[in-house]
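Below, each chain spelled out in residue letters.
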Amino acid sequence: MLTFFKDLVSYPFLVNAVLASVLASVAAGLVGSLVVVRRSTYLAGAVSHSILAGLGLARLLQRRFGFDGLPPMGGAVLVAIGVALLLARLTSRGKHRSDTVLSAVWTGGMALGVSFVAATPGYQDDLMSYLFGSILLITGGDLAWMAGMDVLILGVMALCYNRFLAIAFNEELARLRGVNTALYETVYHVLTALTVVLLVRVAGIVLAIALLTLPAAAAGLLTRRLDRMMALAVALGIGVSLLGLAVSYAPGWPPGATIVEGAVLVYLAAACFARQRASASV
Amino acid sequence: MSVSGPAIEVRDVCFSYGTQEVLHNVSFEIARRTLVAVVGPNGGGKTTLLKLLLGALTPRYGAILVLGKTPEEARDRVGYVPQTIPFDPRFPVSVREVVLMGRVGKSRFGAYGGADREVARQALERVRLAAFERRAFSELSGGERQRVMIAQALAGGSELLLLDEPVANIDPEHASLMYELFQELISEVTVMMVSHNLGVVTGHATHVLCVNRTAGLHAIGEVASATFTEAFGGSLTSIRHDAHCHVLDPSVAMHVPHHGCGCEMVETHEGPR
Numbered sequence: 003m004l005t006f007f008k009d010l011v012s013y014p015f016l017v018n019a020v021l022a023s024v025l026a027s028v029a030a031g032l033v034g035s036l037v038v039v040r041r042s043t044y045l046a047g048a049v050s051h052s053i054l055a056g057l058g059l060a061r062l063l064q065r066r067f068g069f070d071g072l073p074p075m076g077g078a079v080l081v082a083i084g085v086a087l088l089l090a091r092l093t094s095r096g097k098h099r100s101d102t103v104l105s106a107v108w109t110g111g112m113a114l115g116v117s118f119v120a121a122t123p124g125y126q127d128d129l130m131s132y133l134f135g136s137i138l139l140i141t142g143g144d145l146a147w148m149a150g151m152d153v154l155i156l157g158v159m160a161l162c163y164n165r166f167l168a169i170a171f172n173e174e175l176a177r178l179r180g181v182n183t184a185l186y187e188t189v190y191h192v193l194t195a196l197t198v199v200l201l202v203r204v205a206g207i208v209l210a211i212a213l214l215t216l217p218a219a220a221a222g223l224l225t226r227r228l229d230r231m232m233a234l235a236v237a238l239g240i241g242v243s244l245l246g247l248a249v250s251y252a253p254g255w256p257p258g259a260t261i262v263e264g265a266v267l268v269y270l271a272a273a274c275f276a277r278q279r280a281s282a283s284v
Numbered sequence: 127m128s129v130s131g132p133a134i135e136v137r138d139v140c141f142s143y144g145t146q147e148v149l150h151n152v153s154f155e156i157a158r159r160t161l162v163a164v165v166g167p168n169g170g171g172k173t174t175l176l177k178l179l180l181g182a183l184t185p186r187y188g189a190i191l192v193l194g195k196t197p198e199e200a201r202d203r204v205g206y207v208p209q210t211i212p213f214d215p216r217f218p219v220s221v222r223e224v225v226l227m228g229r230v231g232k233s234r235f236g237a238y239g240g241a242d243r244e245v246a247r248q249a250l251e252r253v254r255l256a257a258f259e260r261r262a263f264s265e266l267s268g269g270e271r272q273r274v275m276i277a278q279a280l281a282g283g284s285e286l287l288l289l290d291e292p293v294a295n296i297d298p299e300h301a302s303l304m305y306e307l308f309q310e311l312i313s314e315v316t317v318m319m320v321s322h323n324l325g326v327v328t329g330h331a332t333h334v335l336c337v338n339r340t341a342g343l344h345a346i347g348e349v350a351s352a353t354f355t356e357a358f359g360g361s362l363t364s365i366r367h368d369a370h371c372h373v374l375d376p377s378v379a380m381h382v383p384h385h386g387c388g389c390e391m392v393e394t395h396e397g398p399r
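Chains as they are written, first to last, in the numbering used here: chain B, 3 to 284; chain D, 127 to 399.
No lab work stands behind these hints, which were simulated from the structure alone. Among these hints, one or two may not hold up.
[To be verified] Between beta-carbon pairs, the in silico distance windows are:
(1) Ala256(D) / Ala106(B): 45 to 53 Å
(2) Asp214(D) / Gly76(B): 33 to 41 Å
(3) Val153(B) / Glu199(D): 18 to 26 Å
[What the hints assert, rightly or not] Some chain D residues flagged as far from chain B (calculated, every beta-carbon gap over 10 Å):
(4) Asn151
(5) Thr173
(6) Pro185
(7) Gly194
(8) Pro212
(9) Asp214
(10) Ser220
(11) Ala241
(12) Ser264
(13) Pro298
(14) Glu299
(15) Glu310
(16) Asn338
(17) Leu343
(18) Ala350
[Claimed, not checked] Covered stretches of chain D (chain B as the covering partner; in silico rule of three or more C-beta atoms under 8 Å from a C-beta of chain B):
(19) 199-206
(20) 221-227
(21) 231-240
Keep in mind that this is a model prediction, so the values were computed, not measured. Note that the Cβ used here is the ideal one computed from N, Cα and C, for glycine as well.
Next up, chain D with everything else stripped away, as it sits in the complex:
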């Protein structure tokens, strides 16, 4: 696995849907093996940015390099996990088969080989679901399915994981497990996740990328409520959860300050309306 150079380089990127400009002069650089939280208001361009990084969209101006290559060239080294998986609950597929789909573009015609199955098994171990290998995918909870999808991306040899709101639809206990998992994964891969939950961002990410038509990257130590206010364009109250914070439901903590965790309220910032 190559580790030289940044994971993502975005230079002066502009993108518009028709005449509506969504991203304007966006530039940032993300180092490898970091956990970057992408925050910003709805319609601010977060999902568009992910699609540009995946090569599903092409910028009108500017340049993007992913793992040192164009997004199209880097596609087989990038794992994408959508917020929700359009999924028929009766679809007949096992957990192992879903993980093996990460190898589908790399495998030869015919059945998966022993090496593919071993990679899938290791990926399931990394997301702590090795015991679920033979179970039906439909039997899993929402959080377990998200972890299986991450295992699929890992099985595909991804060096960069792009996660679109990975904990949006899962319970607090599983969300907590997911964040622990992301922190473990950055010893080997770069993780970039879209999140609306500012409380967990400060507690788990190494960097925050604020996206609201433009984008600004901040190391987590430099993040203040003004950073988020700049991104969201409104008033915000910030609570900095430390690494030992036992808040089980950060989304509640966002609305009810000091929801039993005792973490520090940083400041309330009135931003431009």
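Same shape as in the complex, but just chain B:
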């Protein structure tokens, strides 16, 4: 771990990784808390896995047709937003069974992605980094995009927090109280999708859900208000991300996986603490 801190002052890519951890944790803590209290983790899973279709399509267009206008992350954002809008529409007011729709999007998106990758000439080594994350390869451009996302999420949360809380508590009552629930559901789905894309850059498609939900779930065990849960989730996310980076650096472990393992440990510790507190209060 000491090696990490020594090298931090010498290598800009490590500074980028630290900044990316902080920026990703802000988005994950805010949106992840809503995802956890709404029990919509599968929404995040469906978006994260369908992103492979966007990444694969962008690379196919680039390699086979010479079209450079759509970078892989651009393809991921487009597909994520498209999937979010589709899910918001299909699952609103129980028009379709949400688990069926989510499963179809989850697996269909991945299947499309695999097909696009197979149709692309050459070996797609960098696409593999999207599966498992590449926090040590974060660029200045990535950081600027992440910071912009954080500003957007913070702004929307500051403006719409009360409405998100009311809908999460009881959608029908919120609608009867004059909230345009369809609009805010769409905003929530799009925010979740963008946050997932951001986390995929850090932890990869496979592990992004863990970063989104585990710090928030741990925070939810320790506090009984959503705004405090969000703040605590951000703090826990930053803590486990930085610790994971530092611990994984010297032995050369995969940082995304190490961060997620740390998040699992934090969640287990929070669960034990909450259980002890509950039994002490009986």
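Once you've looked at the hints, dock chain D against the given chain B.
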């Protein structure tokens, strides 16, 4: 707060789910500041009627006016409290935040203002839960949660409260408190509650609306067991509990006549089967 005109006007309303007609030619008029108990058998159309009044359903024929406007236009002046609140016991929300949700459609973007918080505090005082303001909603009992939901409706400026079986899942002591609360509230708002408990209906409501595909409104002084029999279509024994009745569990009193309260058994009526 406008007090002119009836709270609810329903004229010749018919409603059906597909080909199954649930309400047929329903007409009634409910005056403001009354406590109306809606009674009737399961499947008789009580919940459908509430949904029509909320504007969540549209009648096939007929017209509905709520507080002088269409149900959709009146929605922000109508408070609805469902029988059960689908609620995750670990949902992180305080009592004050739940009450403030009554203001969510009226407030500007961003945090609630001082005026909103003051209205929420007053609403909690009216349901006698001011001391619970900062507690977690999940820590409350079923009856306390129902009172918080009523405070939410009051905080939203509701002039009409629609309550779907408000005491169905709460203990007799809290049920008694709830009925006292409803009687206090009708000094300012109109309360319409669905109830299966005929014993408490006669003891607390000012009017009874019998709903069984059709609907008939009766002032409480005119209610006899034949009224309920007409609504339920079976034989019923009626006990009229007076205002001082100390029955703690009216649901027991329904099945065990004179459950220690000494109230009068009105009559047993054999209705059409």
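Structure-based check of each hint:
1. Ala256(D) / Ala106(B): 45 to 53 Å: holds (50 Å)
2. Asp214(D) / Gly76(B): 33 to 41 Å: With Cβ atoms ~37 Å apart, the hint holds.
3. Val153(B) / Glu199(D): 18 to 26 Å: Violated, since Val153(B) and Glu199(D) (Cβ atoms, about 39 Å apart) do not stay within the stated range.
4. Asn151: holds (27 Å)
5. Thr173: holds (13 Å)
6. Pro185: Given that every Cβ of chain B is farther than 10 Å from that of Pro185(D), nearest at about 18 Å, it holds.
7. Gly194: Its Cβ never comes within 10 Å of chain B, the nearest being 18 Å, so this holds.
8. Pro212: violated (7 Å)
9. Asp214: violated (7 Å)
10. Ser220: Ser220(D) not clear of chain B: closest Cβ-Cβ about 6 Å, inside 10 Å.
11. Ala241: For Ala241(D), whose nearest Cβ neighbour in chain B is about 14 Å away, the distance exceeds 10 Å, so it holds.
12. Ser264: The assertion about Ser264(D) is violated, with a minimum of 7 Å to chain B.
13. Pro298: Since the minimum Cβ distance to chain B is about 26 Å, Pro298(D) lies beyond 10 Å and the statement holds.
14. Glu299: Glu299(D) is indeed farther than 10 Å from all Cβ atoms of chain B, at 23 Å.
15. Glu310: With a cut-off of 10 Å, Glu310(D) remains clear of chain B, as the shortest Cβ separation is near 23 Å.
16. Asn338: holds (26 Å)
17. Leu343: Non-interface label on Leu343(D) holds, nearest chain B Cβ at 25 Å vs cutoff 10 Å.
18. Ala350: Given a closest Cβ separation of 36 Å, the condition holds.
19. 199-206: holds (count 4)
20. 221-227: It holds: at least three residues are needed, and the region 221-227 of chain D offers 4 whose Cβ sits within less than 8 Å of chain B.
21. 231-240: holds (count 7)
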